[in-house]
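A.B. asks: Chains as they are written, first to last, in numbering that gives the first Met the number 0: chain A, 0 to 481; chain B, 0 to 481.
Hints in this document: simulated from the structure, not taken from any laboratory. Quantities reported herein were computed from a predicted structural model and do not represent experimental measurements. Hints may contain errors.
Remember, identical chains collapse to one label, so a pair may be satisfied in a single copy or spanning two.
What the hints assert, rightly or not - Dumping the calculated DSSO-like pairs for lysine-lysine here, alpha-carbon to alpha-carbon at most 30 Å: (1) Lys-34 with Lys-416; (2) Lys-52 with Lys-192; (3) Lys-301 with Lys-250; (4) Lys-321 with Lys-309; (5) Lys-310 with Lys-388; (6) Lys-301 with Lys-252; (7) Lys-416 with Lys-396; (8) Lys-241 with Lys-139; (9) Lys-191 with Lys-389; (10) Lys-10 with Lys-61; (11) Lys-61 with Lys-301; (12) Lys-250 with Lys-337; (13) Lys-139 with Lys-96; (14) Lys-10 with Lys-389; (15) Lys-309 with Lys-61; (16) Lys-253 with Lys-23; (17) Lys-372 with Lys-459; (18) Lys-301 with Lys-421; (19) Lys-421 with Lys-461; (20) Lys-281 with Lys-316; (21) Lys-376 with Lys-421; (22) Lys-252 with Lys-427; (23) Lys-441 with Lys-148.
There are 2 protein chains.
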Amino acid sequence: MAEQEGITIKKEDFSEWYTEVCNKAELADIRYNVKGFVVFRPWAVKTMNNMFKLLEDELESKGHSPALFQAVIHESNFKKEAEHVEGFLPEVFWVTKAGSGAEKLEEPLALRPTSETAMYKMYSIWVRSWRDLPLKIYQKCQVWRYEGKATRPFIRGREFYWIEAHDVFETEKEAMNQVKEDMETTENTIHKKFAIPFIFFQRPQHDKFAGAVNTYAADTILPDGKVLQLPSTHLLGQNFSKSFNIKFTDKEKKERYTWQTCYGPCVSRIFAAVIALHGDDKGLVLPPEIASLQIIIVPISKSKDDEIVKKAHDIYKKIKHKFSAMIDDRTEYTPGWKYNYWEMKGVPLRIEIGPRDLRNKQFMLVRRDTGEKIVVKENRIEEIEDVMKKIQENLIKKADEYFKENLREAKNFDDMKNTLEKKGGIVKIEWCGKKACAEDMKEKTSGGVIRGTMFGKEEKPKGMCVNCKTKATQVVYIAKQY
Amino acid sequence: MAEQEGITIKKEDFSEWYTEVCNKAELADIRYNVKGFVVFRPWAVKTMNNMFKLLEDELESKGHSPALFQAVIHESNFKKEAEHVEGFLPEVFWVTKAGSGAEKLEEPLALRPTSETAMYKMYSIWVRSWRDLPLKIYQKCQVWRYEGKATRPFIRGREFYWIEAHDVFETEKEAMNQVKEDMETTENTIHKKFAIPFIFFQRPQHDKFAGAVNTYAADTILPDGKVLQLPSTHLLGQNFSKSFNIKFTDKEKKERYTWQTCYGPCVSRIFAAVIALHGDDKGLVLPPEIASLQIIIVPISKSKDDEIVKKAHDIYKKIKHKFSAMIDDRTEYTPGWKYNYWEMKGVPLRIEIGPRDLRNKQFMLVRRDTGEKIVVKENRIEEIEDVMKKIQENLIKKADEYFKENLREAKNFDDMKNTLEKKGGIVKIEWCGKKACAEDMKEKTSGGVIRGTMFGKEEKPKGMCVNCKTKATQVVYIAKQY
C-alpha cells in the first residue's frame, strides 16, 4: 500500500504547505532538468482545462474568436514598439540555430514572451475598413520568459499557460468599454467559478505594461498576506497601431489608426491562487465548478461485487449525467486510505456507502470544504445538487471574507509599514503619485508595492502622502507581492 | 459590399484550389514574416478545436490523462537515445541565448520536435512499481521542425499542432494491444467523425520512427492521388526505457524495464485532409460532427425585424440546444451573397426563410454536401436531425468510395509506374523487402514510396519483387506522398 503522511499545517508554514500540496496531490513536478521549467501533471491539467474552458466560453460569448499565432517572432517585429521592446528584452529567449550542423539562422527568432508583436503584424494586413472592426481575437497558448527569480510551481516559471485576447476598435471609447468588459469576464469566471476574490486596480504609470497607455489588473491576496496578480488588461491606445501601421477606412472614407486593448488571464498562475486560497491541512480543495472529478463514491467493502458495490454503481448511474463522478472500488486500499487520498486531491464531495446505509436505504455525503456529513435517503438523491451548490457558495464566501479581512487602511507611514509586516494584505494609503517616492517606500517596507487606484471607483485624497508628506494626489493600495 | 469571386475548379488544379480555399474561407495566412510559420485563423481553429476535443475524449475514455510538459529539452536528454537523436537532429531548432544582452545559455535547449526525450525523463522518476502501470499520458501541444520543403498551410510548416500520447506497460503484449487500440481511436474519430478514410500500415523497417521497433501509420489519399500520413503509432519496445532507465518492480518484486508506445495524431495536418477531401468548387465542406457552426439561418428579408426575421429567431430558439446555429441578419448583404459566403465556409446546412415560407408555415433546408433543397413544415422541425445525420453519412460514404477507387494493384513494374503516374492512389505490389530496392523504385517512379504492409491482415506474397525480380517477401503498398 502506498504510504500516506500528514502535511505541514497551512497556517504555520504556508510556503512549505504549498510545496507539499503540489507534490502530494500530484499537481506539478520540479524535477525536470531544465532550470525554471516545471512539468504540470494530469490532476492539475484536468482542472486547468476546465478553467480554460470557462474563460474561453466567456470570451466567445462576448464576441471573441480563437486563433493560433506562431511561437516565434521575427526580431524586426519584436523591436517595432520602442517601449515594448525595452520592457520585454531582458526576458526573451532567442532561437538562433537549427539543423544538424546547428547552422546559424539568418535572423534570430524571439520565443514569444507575449504576442502583441506577432499578432499585430497580421492585424495590419487584416484590418482594412470599419466593417472589419471590432476585431476580437484570443489565443490559448504558452509564453516563455527568462525569469530570474526562484521557480515556484504555477506561481513563477519560465514557461506558463495563458489566454491572451487582443482587441481592435474604431474609437478610444470602445477600447475603454473593453476594459470594463474584461473586468466583467474576470468577475464571471475567476470570482464566481474559481472562487477567487480580487480588486481590479489601475496600475501607477510607472508600473504599466511596456507599450501601454494604462494597465488595469486584478490582485488577490494569498494566505501569507502577499498579493498575486491575476488577469490584467492593457489599454494600448494607438501606440501599437501606429508602430505596426494598423489603419482602417471609416464610414466617412477617412483613414484612421485603430484603438487597442489586450487582456491576459494566466491560467497556470490563477491555479496557484485556487490551490493556495481553498486548500487546507488535508490538501487541495477544488470548487465544484472547476473540479474535473466532482464526486468520489467509496463503497465500504472488501469485495469487488457485493451488494454494497452494486449499490454504489446504482447511485453512480443516477448521478453521472449531472456530475463527473467515479467509484473507487480498488480492493487493495482501505476506505480510510481512500478518504485521505481523495481529500488530498480536493474532490468536492464524497459518497460513502456501508452495510448500515444499505439496510437503511441511504448513503452518506461528506463535504470536502467543511467535513460535514449528511445522510441522504436513496429516494432523495436530488439533494446532492443542492449540497454541491452550497459547497461552491461556501468557498466563495470564505475566500471573500478572508479577502475583506485583509483590506486595511493606514493613516501614516509607520502604521502602513507595521500592517504590511505583521498582517500583510492590501493597505489603503494616500500617495503623492511620484515614482521615486514609490521606490523609496518599496525599499523602506522591504517590498511594499503600490498596486494602483481602484478601477471604477473615484476616491479623492484629503491629506499628505504617507511617505514623503507632500500633498497626496491619489488614494492607492499597497501590498507585498509575488 | 465585400467582393466575391469564384474559385479554381478543384478537378482542374487541386493545388491552386487548395490555396484559394485556405485564403477565401479564411483558414490560414502565410503572410507572417517568418519563413515556414503559418497563422491559423479563427475559422480553422474553431474546427480544429472540435477535432482536438473528439480525439481527447476518445483518448480519455481509453484511460489516458492530459499533462503539460515543457517545450524545451535539455541537450543531454535529447541525445540519450542514439537512433532518435540521429533521426531528429536535422530538424531541431535550438534556443541558445536569453536576456537583454542576449547572453549565451549554459547549455543549448532544443525546441521539442516531439516529446519522448522530455517526457521519459519524468517517467523514469514516476514509474516505480507495477501499481504505477499502465501509465497513459497525452499532451496537446505544438512541435517545431526545421522543415526544408515548401510550406503549405496545415500540410507542412515549421510549427504544427498535435496530440502525443505516450504509454508505458509491463509487457510487450500490452504494448502491442495499445497499437490496436490506437487504430481503433483513429477509426472512431478520424474516420467516423472527420469522415477521412485510411489504411493503417506497418511501415518498412527502413522507414520507421527514429528509435522505434516498429512504426504503424494511417494514410489517406488526397484528390491529386498523393497520400497524406495521418496518425502514427510507434512501438518503442524497450529502446527508450533502457536509455532513460524506466524500470518498475513487478509483482514478484523483480526489477524490469518497461515497454512503451507513442501515438501522434497531428490535428493541423488532418485538417488539411478535411479541407482537401470534402471541399468542392464552392469552397470548404465541413462534416457536421466537427463543424463549429452547423446551421446558418438566412432570412430572405431586407429588414432587421420583420415577420420573416422573427420567424428566423423562432426557429433558432427551437434548434439551438441541439445544434450550433446562427442567424445571418446583416442588412448590408443580399441573401445570395450570404449563401456564397457560408458555402465557402463549409457550413453543413442552411435554413432559408422567405415570404412564401412564412405564408405556408414552412422553411427550406439546403444541404451543403449535395445542394439538395428540402422543404420542412414548421411543426416537423425535428426532421433537421435526420438530415444532419444523412450529411455526415454521405460525406463518409463519398470519401470511402473515392478511397476505394484509388486502391489499385500492379503485377509488374511498368504497370505500377504507369498507375502511379497516371492515376495516383495506393498501389498494391509484391516486394523483396530490401531498402536499396525501395530507394531504387522511389527514384525510378519519381517519388513512389513504400507505405508498408497492411496492419492486422496477413497477405502472403506469391511471386517476385516487381522491381528487382528477386523473391518477394512482403505484400506492400506504394504511393507518392506529401
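A.B. asks: Any hints this thing doesn't respect? Which numbers, in order?
C.D. replies: 1, 10, 17, 18, 21 and 22
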